[in-house]
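Undergrad: Chains A and B are the protein sequences, given in the same order. My numbering numbers the first residue of the first sequence as 1 and each following residue consecutively. My numbering numbers the first residue of the second sequence as 119 and each following residue consecutively.
Treat the hints as calculated values from the structure; they're not laboratory data. It cannot be assumed that every hint is accurate.
[Unchecked claim] Here are the simulated DSS-like pairs of lysine-lysine, each with C-alpha atoms no more than 27 Å apart in a straight line:
| id | chain 1 | residue 1 | chain 2 | residue 2 |
| --- | --- | --- | --- | --- |
| 1 | A | Lys99 | B | Lys376 |
| 2 | B | Lys354 | B | Lys146 |
| 3 | B | Lys323 | B | Lys305 |
| 4 | B | Lys457 | B | Lys354 |
| 5 | A | Lys53 | B | Lys376 |
| 6 | B | Lys471 | A | Lys89 |
| 7 | B | Lys392 | A | Lys89 |
From a predicted model like this one, the values you see are computed outputs, not experimental measurements.
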Amino acid sequence: MKQQTVCHVNDMQPGELRETELGRISVVVCKTPDGEFYAFTNKCIHQGGPLSKGKLCGAPQSDNPGEYTFCQDGEILRCPWHGREFNVKDDGRMLANPKHKLPSFPVKIEDDYVIVYK
Amino acid sequence: MNNNNPSSKKRIIDVDIHESVTYKDLFKYLENPYRRYIEDANWIQEKHMPYTQPSVAGVNRADAVVPDGRPAGSDLPFMQEQLLDDIGHEYGILTGALDPSPSSMHGWYEMATALASAYNDWQIENWLEKDERLYGSVHINAEDRDGAIREIERVGSHPKMVQILLPIDDKMWGDPYYHPIYEAAQKHDLMIGMHHNEPPVYFGKWPRYFIEWHSLLPTSHMMQVTNMIFNGVFEKFPNLKLMMIEGGFTFVPHLMWKLDQQYNDLRHEVPWIKRKPSEIMKEHVRFCTQPSEELNKKDFLSVIDQMGSDEMICFATDYPHWDFDSPHRSLPSLDPDLKKKIFSENARAFYPKLK
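Next comes chain A alone, as it looks inside the complex (with noise of 0.2 Å):
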């Protein structure tokens, strides 16, 4: 098993992206509002974006044309190349197209460090 310590828990703030290397895959690690981390690949599955370079943001929601909703803010990550949004709380699935999702990593923390598994 493989593995990587990635930083001090207290060393990302919520909201954060934070690219690490798992052996030679690139990996981003994402620290949500309420101080929980997840960690996918840090590729896109659409056109490979390096996704550390996105956004860790809000998702815009609605049931009637034309009303807006904001919406888990600091849990969609969102690709920095051509905006696709997965959500953190759910596997890293796509909101357009749920079948889809990020390749995910377990992350544990042992002794205040951010630690990601293979």
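Starting from the known structure of chain A, fit chain B onto it as the hints suggest.
TA: Positioned in the frame of chain A, the structure of chain B alone reads:
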């Protein structure tokens, strides 16, 4: 009254037939002062199509002029002889030749609304109630929205009115302005028919040559479908359906792919859309074969395959226009099941009032 010809050569539901009216025909149905403006002042609607040269008889088939010299499409017995009985239509849907859209009326909304009403009464009395095979379209002046809704309420429940012909004007069809019209359409089981595509774009300019305009007809269809889908019209009106008439169908796979890809990237702008745009199209939108490109069987089936559905296209002749598609010759040889769907069953399944 004519009945279905028992010796039908083909079982056809033709979703685009143009009946034609003269102002004189409308007098009986037009109240004053509108009738008197035409009679006394020789008022005519601005003829805004700047082309008369596509064929040897303008925009019509030269052989469709009524033998006594009246305009093509203006005489029921001649249309029966040349089209309905000859080909053996099961049903035909009339799509008219009158465009009451104010882009051609310079804002004289009262006249446009009155003309649309007179036209609808003329259509019902002279065509729909004289041939069992014919179904009709409610003409409206959409710029006078209250008047348009009154007209839909007035004639929309007629059992042979199957759709509303919505004029293309300076607002795209997804705009909330049109939503009360869609509500009225749903209430009366009427679909929205897109045919009044003159000029072809909502910003109202014409290309220099007819060949350009005719080549680009699908672009106006692509604009309206795209606008309606992303503005959430079909989410807000789940029973509303749209028939895209006279734009052809070979562009449809491209549009499905393009809108799905755009939705994957730009969902956050239109969060009321919950399904892939191609799924919305499969459920809510149908397209006509006419004007049909010359496709061999392999190419035709390839387009169907790319659509992922053999239920999205319906047959249309566009009689009596010059680019009429013959049911006998315009499509390649197809398997019987597919032929049946395109020539009749897809339309039957789609128009709520057509049984």
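Undergrad: Checking each numbered hint in turn, tell me which of them this model violates, lowest number first.
TA: Of the numbered hints, 2, 3, 4 and 6 do not hold.
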